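Chains as they are written, first to last, in full-length UniProt numbering: chain W, 1 to 369; chain E, 1 to 369.
Treat the hints as calculated values from the structure; they're not laboratory data.
As the structure is a prediction and not an experimental result, all values here were calculated from the model.
A few of these clues could be false.
Claimed, not checked - Looking from chain W toward chain E, a few residues come up when the C-beta cut is under 7 Å (computed):
| hint | residue |
| --- | --- |
| 1 | Arg229 |
| 2 | Ser232 |
| 3 | Pro235 |
| 4 | Asp285 |
| 5 | Pro348 |
A virtual CB, placed ideally from N, CA and C, is assigned to each residue, including glycine.
2 protein chains.
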Amino acid sequence: MSDRAVPATPPPLFDTAVVAGVGLIGGSVALGLRQRFLARRVVGLDASMDVLREAEALGVVDEVRISPGEWLREADLVVLAAPMRALEPLARELAPFLNPAALVTDVGSVKSGIAAEMERLGVRHFVPGHPMAGSERGGVVHARAALLENAVWVLTPTDHTPLTALSRARTLVEHLGAAPVVMPPAAHDDLVATISHLPYLASLALTHMVARDERLSLLAAGGFRDLTRVASGDPRMSRDMIVENKEALRCALERFRRQLERLEADLDEPEELLAAAYEGKRTRDSLPVVKRSLLPQKHDLVVAVPDRPNQIGAVTQALGAEGVNIKDIEVLAIREEGGALRLGLESPEEVQRAAGILTGAGFEVRGRS
Amino acid sequence: MSDRAVPATPPPLFDTAVVAGVGLIGGSVALGLRQRFLARRVVGLDASMDVLREAEALGVVDEVRISPGEWLREADLVVLAAPMRALEPLARELAPFLNPAALVTDVGSVKSGIAAEMERLGVRHFVPGHPMAGSERGGVVHARAALLENAVWVLTPTDHTPLTALSRARTLVEHLGAAPVVMPPAAHDDLVATISHLPYLASLALTHMVARDERLSLLAAGGFRDLTRVASGDPRMSRDMIVENKEALRCALERFRRQLERLEADLDEPEELLAAAYEGKRTRDSLPVVKRSLLPQKHDLVVAVPDRPNQIGAVTQALGAEGVNIKDIEVLAIREEGGALRLGLESPEEVQRAAGILTGAGFEVRGRS
Chain W
1 MSDRAVPATP PPLFDTAVVA GVGLIGGSVA LGLRQRFLAR RVVGLDASMD VLREAEALGV
61 VDEVRISPGE WLREADLVVL AAPMRALEPL ARELAPFLNP AALVTDVGSV KSGIAAEMER
121 LGVRHFVPGH PMAGSERGGV VHARAALLEN AVWVLTPTDH TPLTALSRAR TLVEHLGAAP
181 VVMPPAAHDD LVATISHLPY LASLALTHMV ARDERLSLLA AGGFRDLTRV ASGDPRMSRD
241 MIVENKEALR CALERFRRQL ERLEADLDEP EELLAAAYEG KRTRDSLPVV KRSLLPQKHD
301 LVVAVPDRPN QIGAVTQALG AEGVNIKDIE VLAIREEGGA LRLGLESPEE VQRAAGILTG
361 AGFEVRGRS
Chain E
1 MSDRAVPATP PPLFDTAVVA GVGLIGGSVA LGLRQRFLAR RVVGLDASMD VLREAEALGV
61 VDEVRISPGE WLREADLVVL AAPMRALEPL ARELAPFLNP AALVTDVGSV KSGIAAEMER
121 LGVRHFVPGH PMAGSERGGV VHARAALLEN AVWVLTPTDH TPLTALSRAR TLVEHLGAAP
181 VVMPPAAHDD LVATISHLPY LASLALTHMV ARDERLSLLA AGGFRDLTRV ASGDPRMSRD
241 MIVENKEALR CALERFRRQL ERLEADLDEP EELLAAAYEG KRTRDSLPVV KRSLLPQKHD
301 LVVAVPDRPN QIGAVTQALG AEGVNIKDIE VLAIREEGGA LRLGLESPEE VQRAAGILTG
361 AGFEVRGRS
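This is chain W alone, in the form it adopts within the complex (with noise of 0.2 Å):
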């Protein structure tokens, strides 16, 4: 055996995952996975044509099928990311063909149907998920795996969900770069209605009110936009989210009201109404900032590194050699096998050629599509 460390890249976390439902979340979800190499192979599944032919040529997905059968059987990961109207007509779907030993996960942003429904199909390692990462652009196009960075993942294990599959799954979350928190689906949907629902809904409000008088619109600009954005995401995703969640929605629709009606009664309490303001504003000045990747977005590359001492050396000096000038470097979730390493590199010509000098050093190398 040569003294020389021969690179290798780490074993994956799954071997053949599979994204059932490739829009911006799955996407971005199946581009962490390659990125990142957590799977041997990712599938793309989705009913899309469409879907799968730009979800290929994007490099989202390394395979695409249009309908599930018995080849699910091979997938030990199975992340369902359809629309939530969509979702529990596909777990169905899938179900008979489920690996009884594959982790099952979904993207839903209502947790409490999802959760029953996949008891009663009696698909055991099922964790219920919610990646708390959107985008007013929605589909596969702008699928990226930054959109999962340091975004808060829940999970919702019931009850009967095995602690092994909520581990798995914290595991799965933990490297594609998000932060897991876990609670039951109920407490979960009682926070989003608050947290997410009730925003829309009251955004959707005011909107409505500018619809009503156009004169509003003159003087709409700035802050009001800002306060609005959230009804311009998605009409039909909104509404069928809002819709799943009505229960939940509707007592924080009662806890809003309260609050409003008690900051109205202070208008003619000025010394009240100015403790109120003051508290709102340090509730909203220490809410957690999502930090994203420092790193430009743009001409980076993923390097997989064995658990081998001194493997960020042997990237650096090999790109170093050949002139290649690094201007940003981020070690990706470190496994026990082996982790990755982000590089910012200066234009897409540099991308290429570190691809191909660590290519020849051993290394396996991702750049985003």
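We have chain W; now place chain E onto it with these hints.
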């Protein structure tokens, strides 16, 4: 007389402008007046010596005064820019010293009260105003002329306001780069109750829900932060604004409640709710966007240009001959007597160099302080 046109600064719109209250908005007005050569001199009046020292050191004003007096008779423009609660007392303090011919305006965010007070005080050439611009960060240190550029600036004449005064106020606003919109004071107050004060109250109510349940802050990153940004403004200013406008705000709240009730009822009518979601998106997406200057904010220089042929050419040639690279150029408001050009340069050093070259060629220049 020589053939060669000797550059000269165009005569300003006003001789002596007084800005009373030198904070974010007052300071921005003062900077706009100076940078766009709209007044021969700009005097800052403020009860705080610290604020005056800061304004002078930042080059926001030409002179400072700590209290009103006979000197005010020299002013042909007086802009009241004190906080809401101090506006009417300030008006009463200044009124005895105002030149009857001076144009007087204010920048308060509620208009009925000050309009009535000025009529009681017999200030005839008063045009109430409300530039709809702001920032989470207040104080003269954050003032900048660009804050007002392309902002909607509401002017609210009463039935007694002379049209000549309205016309002068309109000219002032346009020359500051803002867009005047004219309506009666009560109409303005109704509209801002809906577009600004109600959203503030709704945002406050949402943050109070988070304050009452810390688990919510776990999930509150992202969209919720956007939605509650207005709750992060200055609590005292926000409180004063909504208390001043409480009658109109109560009506807006009532309309908001009706919209929310209708949406809540639609939770059981998914098709209605979908239509409401589409209508909300359509309205929100059609809101006007405030176009900010495309120029980099940092390294620019404003040059006064007289109304003579080819002055833009004269400026650019003078700089080009010395190798100054003009990265961007923008024509600021042009008047009959001439106007001003804003130049984007590469560095503070280049701004210094260009200022020297243009001053040598007889132009008057102003940079950011």
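Results for each hint:
Interface restraint check for W:Arg229: the shortest CB-CB distance to chain E comes to about 5 Å, inside 7 Å, so the restraint holds. For W:Ser232, the suggested interface contact is upheld, since its CB lies about 5 Å from the closest CB of chain E, less than 7 Å. For W:Pro235, the shortest C-beta to C-beta distance to chain E is roughly 4 Å, which falls under 7 Å, so the interface hint holds. Given hint, W:Asp285 at the interface with chain E, holds; its Cβ is 6 Å from that chain's nearest Cβ, closer than 7 Å.
Restraint check, W:Pro348 versus chain E: the minimum CB separation of about 25 Å is more than 7 Å; hint violated.
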